[in-house]
Amino acid sequence: MATKMVILFDGVCYFCNRAVRFIIKRDPKARFVFASLQSPIGQKLLQHYGLPTTLNSMVLIQGERYFLRSDAALKIASHLAGFYRLLGIFWIVPRFVRDIFYNLVARNRYKWWGKLDSCPIPTAEEKSRFLNEKKDLEDLKVYLQTSTKEKSYGHLPT
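Converting from the sequence shown to the numbering used here requires adding 2 to each position, the first position being numbered 1.
Derived lysine-lysine pairs resembling DSS-like cross-links, with alpha carbons at most 25 Å apart:
#1 Lys46 x Lys129
#2 Lys117 x Lys27
#3 Lys77 x Lys31
Label-pair ranges, simulated between beta-carbon atoms:
#4 Ile91 x Lys31: 20 to 28 Å
#5 Tyr16 x Ile91: 22 to 30 Å
#6 Gln40 x Leu106: 18 to 26 Å
#7 Arg28 x Leu106: 19 to 27 Å
#8 Val95 x Pro42: 33 to 41 Å
#9 Thr125 x Pro96: 33 to 41 Å
#10 Val95 x Lys129: 30 to 38 Å
#11 Arg23 x Tyr112: 14 to 22 Å
#12 Lys6 x Gln49: 17 to 25 Å
It should be emphasised that the hints constitute simulated quantities derived from the structure, not laboratory data.
Computed from a predicted structure; not experimentally measured.
C-beta: ideal position from N, C-alpha, C; glycine also.
All chains should be built: construct the whole structure from the sequences, respecting the hints.
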């Protein structure tokens with residue numbers, strides 16, 4: 003698990019679920035695994051990193067570092083196959099400017115794309131990429147107990 007990067011996403015957001023499927027298709031090395039923010043494992047990860055359990059942002063966890071909002075999106079894009087890694091050029095744009103656009107989409111995502119009644123069930127091919135099973139939660143507890151905290155490069159929401 004330590005070699006994987008974890009993406010936490012809003013499990014009832016249609017746009018967010020489509021983004022997860024987009025990432026899976028462009029992640030042939032299966033570097034990313036996923037959990038919804040609302041899931042027990044998502045909540046446990048938020049608590050571990052000192053983030054609010056009501057967080058409403060995509061989170062990328064890489065070892066003991068986490069990335070939020072546009073930082074998460076750009077970091078994810080940098081690991082995707084194809085030309086998506088070229089989006090890394092946007093790192094030169096100051097975070098507060100990037101986050102203005104990220105927050106605009108985040109605030110309107112339910113209005114523009116809709117909201118699901120519940121988290122969708124992954125397909126058989128996708129199932130191994132999601133951390134919602136009891137075994138994964140037990141593995142995560144061991145991982146969190148044995149990991150050492152390093153300085154986080156993420157930023158807390160304001």
